[in-house]
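Chemist: Here is what each chain is made of, one letter per residue.
Protein chains: 2
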Amino acid sequence: MTPDEFRDAGHALIDWIADYREHLNEMPVRAQVSPGDVRNQFPATAPQDTVAFDALLQQLDQRVVPGLTHMQHPMHFGWFPSNASLASVLGDIASSGIGSLGISWESCPALTEVEEVTCDWLRQLTGLSDAWHGSIHDTASSAMVVMALVARERASDFCKLRGGLQATPSALTVYTTEQAHSSVAKAVQLAGFGDANLRMVDCDPVHRSMDPAALAEAIDSDIRNGLQPALVVTSSGSTGITAFDPIDDIATVTEARGVWLHVDAAMAGSAMLLSECRHLWHGVERADSVAWNPHKWFGTVLDCALCYVRDTETLVRVLSTNPSYLQSGADGQVTQYRDWGIPLGRRFRALKLWFHLSLDGIEAIQSRLRRDLDNARWLAETVSAHPDWELVAPLTLQTVCVRHLGDHAGAPLSGDALDSHTLDWVRRINDSGQAFLSPATLDGRWFVRVSVGVERTEREHVEALWTLMQASVQDA
Amino acid sequence: MTPDEFRDAGHALIDWIADYREHLNEMPVRAQVSPGDVRNQFPATAPQDTVAFDALLQQLDQRVVPGLTHMQHPMHFGWFPSNASLASVLGDIASSGIGSLGISWESCPALTEVEEVTCDWLRQLTGLSDAWHGSIHDTASSAMVVMALVARERASDFCKLRGGLQATPSALTVYTTEQAHSSVAKAVQLAGFGDANLRMVDCDPVHRSMDPAALAEAIDSDIRNGLQPALVVTSSGSTGITAFDPIDDIATVTEARGVWLHVDAAMAGSAMLLSECRHLWHGVERADSVAWNPHKWFGTVLDCALCYVRDTETLVRVLSTNPSYLQSGADGQVTQYRDWGIPLGRRFRALKLWFHLSLDGIEAIQSRLRRDLDNARWLAETVSAHPDWELVAPLTLQTVCVRHLGDHAGAPLSGDALDSHTLDWVRRINDSGQAFLSPATLDGRWFVRVSVGVERTEREHVEALWTLMQASVQDA
Chain C
1 MTPDEFRDAG HALIDWIADY REHLNEMPVR AQVSPGDVRN QFPATAPQDT VAFDALLQQL
61 DQRVVPGLTH MQHPMHFGWF PSNASLASVL GDIASSGIGS LGISWESCPA LTEVEEVTCD
121 WLRQLTGLSD AWHGSIHDTA SSAMVVMALV ARERASDFCK LRGGLQATPS ALTVYTTEQA
181 HSSVAKAVQL AGFGDANLRM VDCDPVHRSM DPAALAEAID SDIRNGLQPA LVVTSSGSTG
241 ITAFDPIDDI ATVTEARGVW LHVDAAMAGS AMLLSECRHL WHGVERADSV AWNPHKWFGT
301 VLDCALCYVR DTETLVRVLS TNPSYLQSGA DGQVTQYRDW GIPLGRRFRA LKLWFHLSLD
361 GIEAIQSRLR RDLDNARWLA ETVSAHPDWE LVAPLTLQTV CVRHLGDHAG APLSGDALDS
421 HTLDWVRRIN DSGQAFLSPA TLDGRWFVRV SVGVERTERE HVEALWTLMQ ASVQDA
Chain L
477 MTPDEFRDAG HALIDWIADY REHLNEMPVR AQVSPGDVRN QFPATAPQDT VAFDALLQQL
537 DQRVVPGLTH MQHPMHFGWF PSNASLASVL GDIASSGIGS LGISWESCPA LTEVEEVTCD
597 WLRQLTGLSD AWHGSIHDTA SSAMVVMALV ARERASDFCK LRGGLQATPS ALTVYTTEQA
657 HSSVAKAVQL AGFGDANLRM VDCDPVHRSM DPAALAEAID SDIRNGLQPA LVVTSSGSTG
717 ITAFDPIDDI ATVTEARGVW LHVDAAMAGS AMLLSECRHL WHGVERADSV AWNPHKWFGT
777 VLDCALCYVR DTETLVRVLS TNPSYLQSGA DGQVTQYRDW GIPLGRRFRA LKLWFHLSLD
837 GIEAIQSRLR RDLDNARWLA ETVSAHPDWE LVAPLTLQTV CVRHLGDHAG APLSGDALDS
897 HTLDWVRRIN DSGQAFLSPA TLDGRWFVRV SVGVERTERE HVEALWTLMQ ASVQDA
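Chains as they are written, first to last, in my numbering: chain C, 1 to 476; chain L, 477 to 952.
Quick caveat, the hints were computed from the structure, so don't treat them as lab data.
Do not take every clue at face value.
A few chain C residues that face chain L, going by a derived Cβ cut-off under 8 Å, partial list only [to be verified]:
{"id": "1", "residue": "V33"}
{"id": "2", "residue": "E106"}
{"id": "3", "residue": "A167"}
{"id": "4", "residue": "D195"}
Positions of the beta carbon are idealized from the N, C-alpha and C atoms, including for glycine.
Starting from the given sequences, assemble the full structure and let the hints guide the process.
Modeler: Here's what the structure looks like:
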């Protein structure tokens with residue numbers, strides 16, 4: 001395709017995207033397709049003939065759009081918001097169009113340095129001191145794996161240089177809570193620690209935050225038993241109920257024992273743009289690493305996860321490679337981001353952060369976040385005030401965790417019957433296409449997460465959802 | 477930003493990209509900036525005021541473009557081609573614009589199913605049987621880590637479920653060659669095997685391909701010593717000299733000993749679109765996993781790495797998570813790609829493969845690859861025919877590995893003097909901005925890689941490069 005053909009097709013595509021964004025609120029929130037429906041519309045073999053661009057856009061409409069669950073829909077309250085602000089989309093388009101390759105500073109100096117600049121801007125905007133150095137990963141899950149590896153290597157005096165983890169004299173252990181994201185347990189498995197060396201530390205029964213005394217006890221007990229504590233992972237805004245672990249008290253435990261402390265703020269990092277929320281990660285300066293996702297509530301299009309560390313020397317020592325074909329005269333004077341994560345090649349992701357901040361502006365982003373906090377507060381208060389509904393956890397940010405306690409006739413339910421009622425009403429809403437909510441479990445029982453924070457979700461949408469929720473528990 | 481504001485800005489950006497692509501051949505190939513030059517043009521803190529889109533494009537031109545090493549420049553012969561075909565860029569733009577989130581089939585059925593479709597198309601196009609199942613990773617480096625983890629878990633009977641790698645009874649070992657990409661040694665370290673358990677198997681002295689007898693001997697010797705061989709990594713098109721390991725003979729060794737065989741075809745996978753190249757990975761059907769990068773020579777914009785396995789059950793068993801908040805009624809009937817790799821969330825990357833194949837067409841892509849093979853052959857023959865130049869390795873694909881043997885006056889050089897001459901003439905070309913080449917070492921001595929394969933590189937560019945090379949060895 002020539003640049004001129006791209007020009008024509010690109011204009012048509014921009015219009016297609018603008019139209020999609022304008023009209024997506026007219027579509028069902030969750031895709032209404034069955035497994036295989038999308039796949040079956042594609043030929044079994046690659047097209048032999050080329051397709052004209054307008055025909056391809058028609059195929060996109062016919063084959064793909066019905067199979068989209070619209071994350072940008074104002075009635076999407078599932079999982080966590082995955083905003084893709086159009087300002088950041090422009091930055092991502094620039095990145096694709098330029099087609100650069102980040103494998104060393106030399107391969108694209110601007111890619112490296114704009115990443116340094118934007119990571120530093122976000123550091124300041126979230127109130128972190130200049131002791132922190134950040135980079136962009138695809139997801140917080142990948143950052144979690146990287147930090148598990150760094151903690152493992154630090155605790156084992158760089159076992160990778162010898163016989164690896166299989167030759168360490170004492171087993172390394174990891175600590176988190178049942179509220180932690182699934183990526184923590186996965187990272188523990190992938191980094192080779194093994195399930196037997198992962199401790200689920202007790203939590204406060206209401207806020208579900210890690211109990212620092214229980215953590216200290218678990219670590220000390222492992223040390224007495226000849227094990228070697230390597231890593232503590234705290235959650236700042238857990239996926240289930242947005243629980244926050246008390247970082248400052250936990251850091252007192254980890255510092256004294258030389259254990260790496262990682263803060264998973266995948267969701268709540270966005271909230272740290274608001275000074276009134278920063279108490280929620282009080283003590284973060286004492287952690288060793290912290291990761292959060294601008295591609296969630298903040299709204300920089302996926303994939304954009306930030307991970308900050310204080311000790312870049314250890315980080316690089318764990319992850320560096322320096323083959324002859326990647327060496328250049330700039331080595332030693334520049335950042336080589338390939339040594340900060342798993343992949344060698346990287347996209348120019350910093351452009352989307354830069355465009356997002358420059359075009360939307362930090363004040364508008366902060367106002368939107370405050371709007372969402374206010375909407376979530378309204379819903380939480382409304383739900384609490386209703387005798388048939390309960391909040392299953394205190395509201396900490398923008399995800400309201402609810403349960404309807406009665407059957408459709410108002411009779412109280414519990415146990416399996418309550419579970420089945422919960423899954424039933426949420427399924428009814430999701431099947432209707434009018435809104436989307438995702439359920440989760442707490443202490444083995446289902447509840448429903450209402451995660452407020454899509455860019456286009458206004459109070460009227462939250463009110464409409466509440467009306468839908470009340471109707472859905474009655475239609476049996 | 478509203479959809480209408482996006483429409484205006486998007487059109488301007490499409491034109492900017494088209495202009496950039498049209499005119500990039502007028503710019504120096506390698507960025508001519510010094511460390512810090514790009515960073516210093518940005519304010520130290522995030523912009524407080526918003527910027528109009530045309531002003532932002534001006535900043536992009538002024539601050540960023542001088543810091544780009546133009547991978548799409550027809551005179552770029554460095555590393556491996558990192559083509560970003562405009563057809564695939566359109567697919568990537570669609571992905572960003574839609575803003576979907578792949579964390580489960582339900583979160584975007586189309587994202588999952590179009591990935592299944594396009595991976596299967598590419599499977600067929602590269603001549604793999606339907607025993608293989610693919611998914612898209614960011615890079616082959618990440619796929620390498622995943623396969624190292626899968627091999628580790630398979631060989632240890634899923635040690636992750638118990639005490640992890642630190643509790644395995646005998647040390648697991650890995651085999652590759654000195655020619656393998658740096659990501660292999662990195663994956664071995666990250667997966668916890670340790671440097672002491674990585675064996676560099678002897679190679680054929682000319683083609684630098686792994687010696688299957690030496691591999692068998694290394695494995696058997698480790699078994700006799702109580703170790704447990706877990707993984708063999710072969711290269712199909714190594715980064716230095718595009719060496720190919722003899723997969724079929726190696727598979728005879730690994731099959732008999734139950735060792736996982738991974739084929740790193742990051743570069744050469746593209747060549748498998750051409751039936752005349754497939755002998756180069758003869759035996760690939762007998763491997764356990766194979767990865768290659770459409771984002772290299774094939775030309776689907778970064779990041780797009782394919783990884784195929786035959787045994788998806790083991791893959792999923794190593795990588796799966798199933799927290800309550802990701803469960804849905806479709807579970808069990810659909811593919812959950814989160815269980816095929818490290819990150820939880822994924823972009824809709826399949827769109828760029830679909831757009832690329834549909835708009836450019838497979839025949840045009842194949843013709844371009846054949847053009848590049850032909851141009852590389854021409855250069856290799858030309859270099860060989862010149863008494864002062866040598867090919868340091870036989871040409872296998874599109875990367876010509878050369879050395880100029882004399883000083884500027886024609887006197888023969890060797891050892892350190894030859895190394896310094898080599899680095900000198902290549903630096904002179906790169907500094908000039910007229911072309912870009914990347915040097916590498918073989919047996920500890922420098923040579924220069926001329927990697928032909930940028931989408932816009934025609935014979936005339938290769939001829940111009942040869943002229944430049946001859947001039948550069950004379951200007952001392």
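Chemist: Next step is simple, just say for each hint if it's right about the structure.
Modeler: Here is what the structure says about each hint:
no., hint, result
1, V33, "holds (5 Å)"
2, E106, "holds (7 Å)"
3, A167, "holds (6 Å)"
4, D195, "holds (6 Å)"
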